Amino acid sequence: MKDPKNLEIEVAKLVSEILDEPISPEASRLTVAGWDSLKHMEIIFAFEEAYGVRLDEAEMAALSSVKGLAKRAMKQA
Amino acid sequence: MRHQHVITGGAFRLRPIAERDAEFVVALRSMSGRSQYLNPISPSIDDQLKWFEDYFKREGDYYFVIERTVGECREGLISLYDISPQDGAAEWGRWIIAPTSLSAIESVVLLMDFAFEKMHLQKVYSYTVAENTATNSFHDSCGFRRIGVQMARFNIEGRVMDAVRHECGMSDWAALRPALAAKSLKISQRINRNAPGR
Numbered sequence: 033m034k035d036p037k038n039l040e041i042e043v044a045k046l047v048s049e050i051l052d053e054p055i056s057p058e059a060s061r062l063t064v065a066g067w068d069s070l071k072h073m074e075i076i077f078a079f080e081e082a083y084g085v086r087l088d089e090a091e092m093a094a095l096s097s098v099k100g101l102a103k104r105a106m107k108q109a
Numbered sequence: 047m048r049h050q051h052v053i054t055g056g057a058f059r060l061r062p063i064a065e066r067d068a069e070f071v072v073a074l075r076s077m078s079g080r081s082q083y084l085n086p087i088s089p090s091i092d093d094q095l096k097w098f099e100d101y102f103k104r105e106g107d108y109y110f111v112i113e114r115t116v117g118e119c120r121e122g123l124i125s126l127y128d129i130s131p132q133d134g135a136a137e138w139g140r141w142i143i144a145p146t147s148l149s150a151i152e153s154v155v156l157l158m159d160f161a162f163e164k165m166h167l168q169k170v171y172s173y174t175v176a177e178n179t180a181t182n183s184f185h186d187s188c189g190f191r192r193i194g195v196q197m198a199r200f201n202i203e204g205r206v207m208d209a210v211r212h213e214c215g216m217s218d219w220a221a222l223r224p225a226l227a228a229k230s231l232k233i234s235q236r237i238n239r240n241a242p243g244r
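Line order of the protein sequences matches chains U and L. Residue 33 is where the first sequence starts when you use the numbering used here, and the numbers rise one by one after that. Residue 47 is where the second sequence starts when you use the numbering used here, and the numbers rise one by one after that.
Quick caveat, the hints were computed from the structure, so don't treat them as lab data. Any given hint might turn out to be false.
[Said to hold, decoys possible] Only pairs whose alpha carbons sit at most 20 Å apart, straight line, appear in this in silico EDC-like list of lysine to aspartate or glutamate: (1) U:107 with U:81; (2) L:232 with U:58; (3) L:169 with L:118; (4) L:232 with U:35; (5) L:229 with U:89.
None of these values were measured; they are calculated from a predicted model.
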C-alpha cells in the first residue's frame with residue numbers, strides 16, 4: 033500500500049499537470065482559481081485513468097481536493 | 047419573454063423557465079456561497095413571480111432552466127438576453143449551477159448552440175464579477191476571449207465590483223465547439239450510465 037503522503041504528492045502532480053501551475057497537497061477547488069468546472073472534469077477523468085478508479089456521479093462532483101482524491105485512490109488500492 | 051425553445055443534450059436540456067420554477071430560482075440564487083456575486087433577490091416567491099411577469103413581457107430575453115433529460119430534475123439556470131439585431135450580439139448570463147451538478151459544460155454548449163444555430167447571432171458576450179475567479183477561469187478554459195475589465199459595472203449590496211468581459215464569435219464557436227462538445231458527451235455518457243433505470 034502506498035504511503036498516504038506520497039499519494040497526495042502524486043495526485044498533486046497530476047492536478048498540477050492539468051492546471052499548468054504548481055499545486056500543493058493542501059490544494060482544493062476553493063483555494064485554486066484555475067480549478068474551475070471544466071478543469072475539474074479533466075482532473076476527474078485523468079484521476080480515474082491513473083488510478084483505475086470508476087467514480088460515481090456524486091463522487092465526481094464532491095472530490096474537489098487533492099487530499100480527497102488521494103484518499104479515494106487509497107480506498108481503491 | 048415567453049418562448050418555446052427546448053434545447054436537448056446528452057444528459058441535460060434547457061427548457062423555458064415557468065412560474066412553477068419561482069421557488070427553485072429563489073432557492074438557487076440564495077444558496078450560500080453563490081449569492082455573493084449575484085444581485086440580491088427577494089426571498090419571497092411572490093416577488094419572484096412578479097419578476098417573471100416583467101420578464102415574460104420582455105422581448106429578446108430567453109431564460110432557461112437546466113434540467114436532466116432523465117427525471118427532469120432541475121440543476122441550474124442560464125439565459126441569453128439583450129439581443130441586438132443590429133450587430134447580431136447578445137449577452138449570456140444568469141448562469142447558476144447547483145453545487146453538486148455536472149451540468150456546467152453541457153449547459154454552456156447548449157446555450158451557445160442556441161445562440162449561433164437557432165438565433166443566428168454573430169457574437170455572444172458575458173460579464174462576470176472580477177472577483178469571481180472560478181467562473182472567469184471557466185470562461186478562459188472554454189476558450190472564450192477575455193476582452194477586458196469594465197470598472198464598477200456591478201453594485202451588489204453596496205459593493206461596487208468590476209466585471210470581466212468575455213466574448214465568443216460565431217467562428218470562435220465553430221473552433222471551440224468540438225472539444226467542449228466532446229467533454230460534454232463524455233460526462234453525459236457517464237451520467238446516463240449511472241442513471242436509475244439505465
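Do the hints match the structure? See the list:
1. Taken as a hint, the residue 107 of chain U and residue 81 of chain U pair is honoured in the structure, with Cα atoms around 15 Å apart against an allowance of 20 Å.
2. In summary, the hint linking residue 232 of chain L to residue 58 of chain U is not supported, as the alpha carbons are separated by about 28 Å, beyond the 20 Å threshold.
3. Our distance criterion of 20 Å between C-alpha atoms is broken by residue 169 of chain L and residue 118 of chain L, whose separation comes to about 30 Å.
4. Restraint check for residue 232 of chain L and residue 35 of chain U: not satisfied, since their Cα atoms lie roughly 32 Å apart, outside the 20 Å limit.
5. Between residue 229 of chain L and residue 89 of chain U the CA atoms are separated by roughly 15 Å; this keeps the pair inside 20 Å, and the hint holds.
Hints 2, 3, 4, counting from the list given before, are not met by this structure.
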